[in-house]
Amino acid sequence: MDVWLLKLAALVYLIAAASFITYLFSPNTSISKRSPWILFVGFLFHSAALAAHFFLAGYLNVAQFREAVTVYCWLMVASYLIVQIKYHLTVLGAIIAPLALLMTLAAFAFGRGGEQLPPALQTYWLPVHVTLAFLGNAAFAVAFAVSLIYLLQEHKLKQKKFTSFMKRFPALETLDRLNYVLLVWGFPLMTLGIVTGSLWAGAHWGQYWSWEPRQIASGLVWMFYGALLHGRITAGLRGKKAALLTMVGFFVVLGYFLIGDALFPSRHGGKFE
Amino acid sequence: MHKEIVIVGMNHRSAPIEVRESVAFEEAYVNDALTRLRSYPTIEEGVILSTCNRVEVVAAASDGRLASTAIKSFLADQKARRHAGDLDEHVYTYLGPDAVRHLFRVAASLDSMVVGEPQILGQLKEYYDVAQKAGTVGTLLHRLFHRSFSVAKRVRTETGIASRAVSVSSVALDLARRIFDRLDDKAVMLIGAGKMGDLMARQLQNNGVQNLMVTNRTFERAVELAERMRGNPIRFEDFPRYLKMADLVIGCTGAPDVLLDVHAVERVLKERKYKAMFFIDIGDRRNFDSRINDLDNVYLYNIDDLKTVSEENLQERANEAQKAEGIVLEEVQSFGRWIESLEQVPTITALRQRFDDIRRGEIEKSLAGSLKGLSEEQKKAVEDMTAAMINKMLHGPTAHLKNNGRSDDDESLLYVAALKKLFNLEEK
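Residue numbers (the working numbering), protein chains in the order written: chain A, 24 to 296; chain B, 1243 to 1670.
The set of hints was computed from the structure by calculation and includes no laboratory data. Note that the Cβ used here is the ideal one computed from N, Cα and C, for glycine as well. Mixed in with the good hints there might be a few duds.
What the hints assert, rightly or not - Here are the simulated EDC-like cross-link-like pairs (lysine to aspartate or glutamate), alpha carbons at most 20 Å apart as the crow flies:
(1) A:Lys-179 <-> B:Asp-1416
(2) A:Lys-181 <-> B:Asp-1538
(3) A:Lys-264 <-> B:Glu-1508
(4) A:Lys-183 <-> B:Glu-1263
(5) A:Lys-181 <-> B:Asp-1340
Unchecked claim - Just a few of them, taken from the derived set where beta-carbon distance is under 8 Å, the chain A residues facing chain B:
(6) Lys-30
(7) Leu-180
(8) Phe-185
(9) Leu-195
(10) Thr-197
(11) Thr-219
(12) Gly-254
(13) Arg-255
(14) Gly-259
(15) Lys-264
What the hints assert, rightly or not - Derived CB-CB ranges, DEER-like:
(16) B:Asn-1448 <-> A:Phe-63: 55 to 65 Å
(17) B:Ala-1506 <-> A:Leu-128: 38 to 48 Å
(18) B:Asn-1448 <-> A:Thr-257: 35 to 45 Å
(19) B:Lys-1565 <-> A:Ala-75: 23 to 33 Å
(20) B:His-1384 <-> A:Ala-75: 32 to 42 Å
Can you make the complete structure from the sequences, with help from the hints?
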């Protein structure tokens, strides 16, 4: 049932992605204008899939790739929808919707589902730690989309070449400000995610920080985003450079998420001694 | 009964401005002119349209050719007041579907000098209103104009014909909107007193800019300009100091030397904490160092760049106009179907008339022959019975025809044609 619902969500994400991309070229057609609503429908199916899974299994095994990607993707779509309500930046969906589709497909393609959640993880800390860490990263995913649009718009303005496909791109100032807002939200969430994870590790394994690969990577990414935020606040780091750095940060996170655990098996990757 | 649409007129392509002006209708006299137009016996409905780029008379008449001759003499009359000369070579005439297409194209701004400009639709509506108040609009023109308004709207929403800026200053405004999300909290510095800069600053003010700084080599000129535009005058030697406050900088001097080089802007930028700046260079010579555009968060457009964008946008409009022509054609066809459906009403009457004639003929024959000697009461019963029979028989076809007449489909036209043929109604 939950798998069936997730497949449905993936299908709607596909439709939403197509609709958002249509929006880039002809923003006035009645269907493309409603793209965020289509994505929202996909999000509802996605939510139902997660809820169904939770009630059937009693937990979400986020130590497994499939569930982790599914939950992360769900939070990312949620973050986008919130941004959409406040900023009406439908163009962002042209990146978020395909990304959501890819993640959902990846969950099916590479995910091993149905494994038992190890006893060490059957605690209330798990959802708290994971939700916070994922929410922070979801904000960065949206910031990634914002930055990509920023760079495209900036490039066009510098090259002085415009195509009809650029018509509905938001102003650079809007994008830069939103990028900042997402950083301001994402960074504390990520920090809390790391702190709760560490506290929980301390309580369970008697070790707050064990230098395992995921922790090292998270620490580095945390410092990277911290430096970015600091630069924005004090040194006038903004615009193109800030957008580029935001994208770099997201690629690092995404890369580690996708291949890091396979290269360096650890507790985060499902190995619990 | 059947009326045709006729348009006679001239536009910016068919006639030079002197000729257009000579026949143009002054606003105050349009009413009189409409009355005069209506006094021609061949013209049944009429609307006069008179803008700087076109003078046209849209009319409905039972004989289009006669009406077009009448309109020509009507226009010539108008002209005679000013000076003589032949109008014929400047005037175009459209009849029937061609006239419908022409009006739709005018409304959709496809016939405008700057394709896609938005004013024409408003003007069309105004002149239509005047004619309606003057009582020279009937069913046909009413429907035609309202349809043309909705065609214009459809073209506007379904094509990008009007979505792109084409004048240099509106291109600059459009670019400013791509950089800044709002203009009311931005400051503009205008360097120099060129006409173009003046125009651009005004356009920015009309779009929300409140803080305008004006500088000029002669300070008095700057003061005068600032007063006129509700800005703050700044001494020329001081302007680099104020530059850090400006988000948009318009250079419009005739100075042969470069006013700002890339290093000066770099310093300003650092002071502004790299907040974006937009430089618009529209002086006779280059006012700003072209390398400024290479700095992050700074955008420099000179007059040639703006013109290039404007030309691309015009090209884009032309492409969109192709799409718009398709829409117009579609609408002309559907309007044509509506006109033809008007003919269904006479068809129904003619059909009833024909059946009734037959009925009466037969009753008369019978009453004179085999039914001779019926009482008045019986005669009336026969009369009622046959009338009821005809009514019942025709009820279905009539209802069907009336219902179909409301939708502009081909099917109903087919029925009308079939009925006319089957019952020989054409001779009427």
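> Which numbered hints turn out to be false for this structure?
Replying inline: Hints 4, 5, 6, 11, 12, 13, 16, 17, 19 and 20 not satisfied by this model.
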